[in-house]
Amino acid sequence: MQMDQSTVDPREITKFEAISAEWWDPNGKFKPLHMLNPCRLDYITAQIAAEFDRDLTAPSPFSGLRLLDVGCGGGLLSEPMSRLGADVVGADAAEGNIPVAQVHAQQSGLSIDYRHITAEALAEQGELFDIVLNMEVIEHVADPQVFLNACKTLLKPGGLLICSTLNRTPRSFAAAIVGAEYIMRWLPKGTHEWSKFITPEELFGLLSAAGVDPVDRKGFVFNPFTWGWSLSDRDLAVNYVTTSINSAG
Amino acid sequence: MNFDSDILIVGGGLNGPILAVALAKAGHKVTVIDALKEEVRLDAEFDGRSYAVALTSCRLLEGIGLWNSIAEHAQPILQINVTDGRAGEGPSPFFMHFDHSEIEEGPMGHMIQDRHLRAALLDLMSATRGCTHLSGCTVTDQIADMSGVTVTLSDGRSLRGRVLVGADGRESGTAARAGIRRTGWGYGQTALVCAINHAKPHEGTAHQFFMPPGPLAILPLPGNQSSIVWSETASQAQAIHAMSDADYLDVLRPRFGSFLGEISLAGKRFTYPLSLSLANHLVADRVTLVGDAAHGLHPIAGQGLNAGMRDIAALAEVLTDGARRGEDIGSAQVLSRYESWRRFDNTALAVATDTFNRLFSNDNPLLRISRNIGMGMINAMPRMRRGFIREAAGLTGNLPRLMQNQPL
Numbered sequence: 001m002q003m004d005q006s007t008v009d010p011r012e013i014t015k016f017e018a019i020s021a022e023w024w025d026p027n028g029k030f031k032p033l034h035m036l037n038p039c040r041l042d043y044i045t046a047q048i049a050a051e052f053d054r055d056l057t058a059p060s061p062f063s064g065l066r067l068l069d070v071g072c073g074g075g076l077l078s079e080p081m082s083r084l085g086a087d088v089v090g091a092d093a094a095e096g097n098i099p100v101a102q103v104h105a106q107q108s109g110l111s112i113d114y115r116h117i118t119a120e121a122l123a124e125q126g127e128l129f130d131i132v133l134n135m136e137v138i139e140h141v142a143d144p145q146v147f148l149n150a151c152k153t154l155l156k157p158g159g160l161l162i163c164s165t166l167n168r169t170p171r172s173f174a175a176a177i178v179g180a181e182y183i184m185r186w187l188p189k190g191t192h193e194w195s196k197f198i199t200p201e202e203l204f205g206l207l208s209a210a211g212v213d214p215v216d217r218k219g220f221v222f223n224p225f226t227w228g229w230s231l232s233d234r235d236l237a238v239n240y241v242t243t244s245i246n247s248a249g
Numbered sequence: 001m002n003f004d005s006d007i008l009i010v011g012g013g014l015n016g017p018i019l020a021v022a023l024a025k026a027g028h029k030v031t032v033i034d035a036l037k038e039e040v041r042l043d044a045e046f047d048g049r050s051y052a053v054a055l056t057s058c059r060l061l062e063g064i065g066l067w068n069s070i071a072e073h074a075q076p077i078l079q080i081n082v083t084d085g086r087a088g089e090g091p092s093p094f095f096m097h098f099d100h101s102e103i104e105e106g107p108m109g110h111m112i113q114d115r116h117l118r119a120a121l122l123d124l125m126s127a128t129r130g131c132t133h134l135s136g137c138t139v140t141d142q143i144a145d146m147s148g149v150t151v152t153l154s155d156g157r158s159l160r161g162r163v164l165v166g167a168d169g170r171e172s173g174t175a176a177r178a179g180i181r182r183t184g185w186g187y188g189q190t191a192l193v194c195a196i197n198h199a200k201p202h203e204g205t206a207h208q209f210f211m212p213p214g215p216l217a218i219l220p221l222p223g224n225q226s227s228i229v230w231s232e233t234a235s236q237a238q239a240i241h242a243m244s245d246a247d248y249l250d251v252l253r254p255r256f257g258s259f260l261g262e263i264s265l266a267g268k269r270f271t272y273p274l275s276l277s278l279a280n281h282l283v284a285d286r287v288t289l290v291g292d293a294a295h296g297l298h299p300i301a302g303q304g305l306n307a308g309m310r311d312i313a314a315l316a317e318v319l320t321d322g323a324r325r326g327e328d329i330g331s332a333q334v335l336s337r338y339e340s341w342r343r344f345d346n347t348a349l350a351v352a353t354d355t356f357n358r359l360f361s362n363d364n365p366l367l368r369i370s371r372n373i374g375m376g377m378i379n380a381m382p383r384m385r386r387g388f389i390r391e392a393a394g395l396t397g398n399l400p401r402l403m404q405n406q407p408l
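So the protein lines, in turn, are chains F and R.
Taking my numbering, the leading residue of the first sequence gets 1, the next gets one more, and so forth.
Taking my numbering, the leading residue of the second sequence gets 1, the next gets one more, and so forth.
Treat the hints as calculated values from the structure; they're not laboratory data.
Accuracy of the hints is not assured; some may be wrong.
With a cut-off of at most 20 angstroms between alpha-carbon atoms, the simulated SDA-like pairs for lysine to any residue come out as follows [stated by the list, open to error]:
#1 R:Lys29 x F:Pro61
#2 R:Lys29 x F:Lys15
#3 F:Lys29 x R:Ser336
#4 F:Lys31 x R:Asp285
#5 R:Lys29 x F:Asp55
#6 R:Lys37 x R:Thr183
#7 F:Lys156 x F:Ser108
#8 F:Lys31 x R:Ala332
#9 F:Lys152 x F:Ser247
#10 R:Lys29 x F:Ser247
#11 R:Lys29 x F:Gly85
#12 F:Lys31 x R:Glu339
#13 F:Lys31 x R:Ser340
#14 R:Lys29 x F:Ser60
#15 R:Lys29 x F:Gly109
#16 R:Lys29 x F:Glu124
#17 F:Lys31 x F:Ser247
#18 R:Lys29 x F:Thr57
#19 F:Lys31 x R:Ser336
#20 F:Lys29 x R:Ala332
#21 R:Lys29 x F:Leu56
#22 F:Lys31 x F:Leu231
#23 F:Lys29 x F:Leu187
#24 R:Lys268 x R:Asp47
#25 F:Lys31 x R:Gln333
#26 F:Lys196 x F:Leu231
#27 F:Lys29 x R:Gln333
Across the chosen pairs, the derived CB separations fall in these ranges [what the hints assert, rightly or not]:
#28 R:Asn405 x F:Val146: 46 to 56 angstroms
#29 R:Ser101 x F:Glu201: 33 to 43 angstroms
#30 R:Asn405 x F:Ser230: 46 to 56 angstroms
#31 R:Thr152 x F:Ala58: 29 to 39 angstroms
#32 R:Leu399 x F:Ser232: 15 to 25 angstroms
#33 F:Ala58 x R:Asn405: 22 to 32 angstroms
#34 R:Gly387 x F:Ser230: 22 to 32 angstroms
#35 R:Asn405 x F:Asn223: 17 to 27 angstroms
#36 F:Asn223 x R:Leu399: 55 to 65 angstroms
#37 R:Gly65 x F:Arg185: 47 to 57 angstroms
#38 R:Glu105 x F:Ser230: 43 to 53 angstroms
Idealized CB from N, CA, C, for every residue including glycine.
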């Protein structure tokens, strides 16, 4: 196994292992993300497979593709992408997440390049990727346009930008703020600021202004009867996801 | 970190090999660890049971490429007759009759002898890429860690996989080593099983006679032959089993009735003690269970094999979808999806077969009257009748893709 562990202080590893166990507990603090994850992964894998003509039934279908996971957290998306053969860089602005994600990747036998860095700083370094994921990130950044401009700079010509966030609708207020934070207590109160949520039209506008072509949008819909998430062509009222192509190069 | 296989399966009966082939065909690397030697599995006298393979289970067997090689030995079940009765009295006037022509999908299922399934499965495993079959060795130890599970074999070898599947029956060592406890009880009944030749054709009809000591099922095999599953109290069964063939037939005749003409034995006689044995969980760290290891049922409705086939189709789908998303297929995230898919169905089936057996395996006059009226009512109501037919065919519930004629 090849793993760069140089940035992890060995004395801290036990602590990071505990936090990483928390990140990866399907019934723990990050339960909502775990519930949403299969649905997000279905969308991401299908978009990448379609754009780069890969067969998801073959082993390592994403090999040769360089992928950036912005806001990687504990690695819930980075690890699956790495397992599918992609060369993954996981970036997170929260320094504490990096060793946590590194510890888990090592335990899982995966080689992922986790870095404490912002998308803007990576763009300045001139790094280039086939795919940039920013999933459930843009509603937390200070200036969405500056952030998306950086994502565009990070893309190779023909690269894919997959971006998901929360719509600003009465239903998203009810679901994401009242439901998830106050009733279900899935998320700590104050996790989200409803006024920072972005409508699909606004996001398409920001993406176009950044210089990428938005080509697809789908809703992530929670079904309280099956207690699971599914993709929807029509219902983008709460969580939704978009794909854009860097066609200009 | 090297894995010998993605998936290690303990148990070389029917469930283990069928799951192995389904997974290998979907691109996983699979190893089956079978306690028995291949010669034992190939011996036609090894297991005398026949199985009622429900329509949806047939679809799974077609999907993995097994059906073609066994189709010639399979007898379609076109009708099912359920009757309450006492030995020598003939069937009661109250009965239920289910005919496959009432549903659009075709025969409710097929009867097939275990020996044909076994032989065909061994061939299929060796012909399937990515599927390794180790026979004549057992697991002595298993250890799960963050990225995989390591098993130690009786011959000293060790194997590493991402997930370990226990398909090792009611006394599953895989479940026990994973700390999964079981709930269950014996029924005090033993099933006498054999194949019977009869003078008249069975017309593809399966019969279930409910008699006080236990049910007698007469299940059609190809030609003028039927398989019987004859449940008696354990002591009675032991006495009957000890009899000569001629005496055995003398005891059977008044129960069997004369509607198929003169009867004779078509092979060896077998006995199987009946019990209920449910695993309290289907999943532990990097371990999951299918078939009798998950739920050993009373054979009263012929659902044991079919419940296992549903486990297999569901687990193969969950693991394959997980792998194609890049998820860790041995993780709690992935395995819990299988557990929540199968848990309810399995428990409901266990309760239903247990209740059926309690309701029917007695001579209480009040229960006799109420079950006769109940059967008469169900039989008179087409909607209820079709419901039972669809249930017998396995067409109810949230069906996995392999049971809908779809690839993984």
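Could you tell me which of the hints above the structure violates, numbers in ascending order? 2, 6, 7, 10, 16, 17, 26, 29, 30, 36 and 38
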